[in-house]
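Enquirer: If you want the building blocks of each chain, they are given just below.
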Amino acid sequence: MSSKTAYTDLFVSRYQPLEKGKRWAWVLIRTVLVVGFCFIILFPLFQRLSIAFRSKADIYDPTVLWIPRNFTLDNLRIAIETTNYFEALSNTALISASTTLIQLVSCALAAYAFARLQFRGSGLLFGLVIFTIIVPPQTIMIPLYLTYRYFDLFGLVGLFTGKDSLNLIDTFWPFILSSSTAMGLKNGLYIYIFRQFFRGIPKEIGEAALVDGAGVFRTFMRIVVPNAVPAIVTVLLFSFVWQWNDSYYVSLFLKQVKVLSTSLMDMGMGLREPDPVYTSMLLNTGVLLAIAPLILMYLFVQRYFVESVERTGIVG
Amino acid sequence: MKITFKRKKKLTLKQKNAWFGVLFASPLIFGMIMLFILPLIQSLRYSLSSIQLVEGGFSVDYEGFSNYTSLFTSNPDYPRSLAESIAAMAVNVPLILVFGLFAAVLLNQKFRGRPFARAVFFLPVILASSVIANLDIGSFVGSGTLSSGGGEAESNLLQSFELKRMMLESGISPIFVDYLTGAVDRIYEIISSSGVQILIFLAGLQSIPPSLYEAAKIEGATGYESFWKVTFPMMSPLILTNTVYSIIDSFSDSPINKLVSETAFKVFDFGLSAAMSWVYFLSVALILAVSVGLISRKVFYYD
Chain A
1 MSSKTAYTDL FVSRYQPLEK GKRWAWVLIR TVLVVGFCFI ILFPLFQRLS IAFRSKADIY
61 DPTVLWIPRN FTLDNLRIAI ETTNYFEALS NTALISASTT LIQLVSCALA AYAFARLQFR
121 GSGLLFGLVI FTIIVPPQTI MIPLYLTYRY FDLFGLVGLF TGKDSLNLID TFWPFILSSS
181 TAMGLKNGLY IYIFRQFFRG IPKEIGEAAL VDGAGVFRTF MRIVVPNAVP AIVTVLLFSF
241 VWQWNDSYYV SLFLKQVKVL STSLMDMGMG LREPDPVYTS MLLNTGVLLA IAPLILMYLF
301 VQRYFVESVE RTGIVG
Chain B
1001 MKITFKRKKK LTLKQKNAWF GVLFASPLIF GMIMLFILPL IQSLRYSLSS IQLVEGGFSV
1061 DYEGFSNYTS LFTSNPDYPR SLAESIAAMA VNVPLILVFG LFAAVLLNQK FRGRPFARAV
1121 FFLPVILASS VIANLDIGSF VGSGTLSSGG GEAESNLLQS FELKRMMLES GISPIFVDYL
1181 TGAVDRIYEI ISSSGVQILI FLAGLQSIPP SLYEAAKIEG ATGYESFWKV TFPMMSPLIL
1241 TNTVYSIIDS FSDSPINKLV SETAFKVFDF GLSAAMSWVY FLSVALILAV SVGLISRKVF
1301 YYD
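As you go down the protein sequences, you meet chains A and B in turn.
First residue of the first sequence? That's 1 in my numbering, and the numbers climb one at a time after it.
First residue of the second sequence? That's 1001 in my numbering, and the numbers climb one at a time after it.
No lab work stands behind these hints: they were computed from the structure.
Here the structure is a predicted model, which means the values were calculated and not measured.
In this text, a Cβ means the ideal position worked out from N, Cα and C, and glycines have one as well.
Wrong hints could be hidden among the right ones.
Unchecked claim - Interface residues of chain A toward chain B, partial, derived using beta-carbon atoms under 8 Å: (1) R30; (2) V32; (3) V34; (4) N84; (5) L109; (6) A113; (7) Q118; (8) F119; (9) G123; (10) Q138; (11) I142; (12) P143; (13) S180; (14) V224; (15) V306.
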């Protein structure tokens, strides 16, 4: 009898079945959860993809689950025609790319001033930057619209051109102006991210550069910027994506010029299709077309993106 | 030119840096005044006035608080959509926070296929957008095409029905059960709006020193205990950050935004729209202040 308990003791101490069981149970639960969440995220995307290639005949066919029976490119063709896809795409890409680059420069400069080049009132100014994150953009929507509609820049425009004011609606100027003054879409957040990151770079590196004779600009360009690549990647991706998906500012400033998000909103009206289900199918194809460039881009940059965000220290 | 040069020489390093700071921040200062502070003041003025578009400009007539009173006495949509927005926020933000923290802890562990799982979890950050949310596929394509959407919705319903019965039988309060099963039914919405929060939590998890976990393990803490005694307190500053972010984010695509825009550009009642946006802003600010005040008492800072 005693030998039997000794054997079980030996077995337990050598293989630790309880510990192993607990670990495997957790691995199992974790796998199920991760796979489940991934499925929930990916499912609508695959569904869109599958629906985009279906023909009208497949809509009411209950046997068509994933693979369309009558494969067709008609949905794509109609969606491209009604949204003026390529024109809207080039407008969107132009706005997103230019604002992203300009914002990157203006936000990084301001954030460096907040992190390392404090001046009197910089704390107050930073408080205001945080305040801009909290104030909903709708609150300043009308004055902002009127500012660009009757743009006079404190009377300077009137002085030079002789006209009272300029109409900047339906041009790209509102986007360029707001991003070059770090007041564009969610710019407060980018300034915050950059500031936190710049503060994390050791002061000694900058001081060493100063001793070696580098000025403030040179220190910034040669020392700080190369060290801030994770923050730059994060801000680049966020600002590009958010500008791309934005429908609020573009519908405010661009009434005639179409970008992807606004042309998608008008697409339902432009279709003149009697069947609501087919209309929604076409709309779905339109959405897929609008996000396709982003997904393609994400496939290439996601590795850098996830790594960068982890090292960004948004944390503080 | 010469004088300024001489003066510059005499500045101390700190003063010089301060001037460079002003130079670096000058675009921001300019933009802050032209595109934020002045519009904010104007918007407050408009909300107290009625605005008429006239030839080559617009005229502003002071009217006092009539816009604000009409908002709550005679406007049919505004109080309802404000209440709806706040209710949706109050329901969703706790769920997003809990899910975000949970997903971040999950994604922080080592397992096979982790890079892929991470890439998928951040996909909603890329796809989250008001346009895509408005044209959500589940809403009409799913209900229209019996083939793909119908089956899914049915099984979903069945699942949370079973869960509901199970929890009710075990004696959990019905309000709480409804809340949880509602969360299960809206899981896609919650996942797709918690991408940024997961990122922030994940960044925070990476910054917890491993020595703390080692110490806890030596003291005999189980995984569960070390989560509540180490991970949770260390993450509490980020819970605060994420609460603020989630509240702002949940308001950014609420129905009230649409109402404000439509009042301005379809009805052309700029004064009323400005009043709407001010009431909206003040309620967001109030909610933020209350929740930050409540949470920041419990926040633990490790220094």
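Enquirer: Are the hints correct? Go through all of them and say.
Expert: Hints versus structure:
1. R30: holds, 6 Å
2. V32: Violated, because the Cβ-Cβ distance from V32 (chain A) to chain B comes to roughly 11 Å (cut-off 8 Å).
3. V34: holds, 5 Å
4. N84: Nearest chain B Cβ about 16 Å off; hint violated.
5. L109: holds, 4 Å
6. A113: holds, 4 Å
7. Q118: Where the cut-off is 8 Å and the nearest Cβ of chain B is about 6 Å from Q118 (chain A), the hint holds.
8. F119: holds, 4 Å
9. G123: With a closest approach of 12 Å, the G123 (chain A) hint is violated.
10. Q138: With a minimum Cβ separation of about 4 Å from chain B (threshold 8 Å), the hint on Q138 (chain A) holds.
11. I142: holds, 5 Å
12. P143: holds, 4 Å
13. S180: holds, 6 Å
14. V224: Since the shortest Cβ distance to chain B is 11 Å, the answer is violated.
15. V306: Because about 5 Å separates V306 (chain A) from the closest Cβ in chain B, which is inside the 8 Å limit, the hint holds.
Hint check: violations occur at hints 2, 4, 9 and 14; the rest are consistent with the structure.
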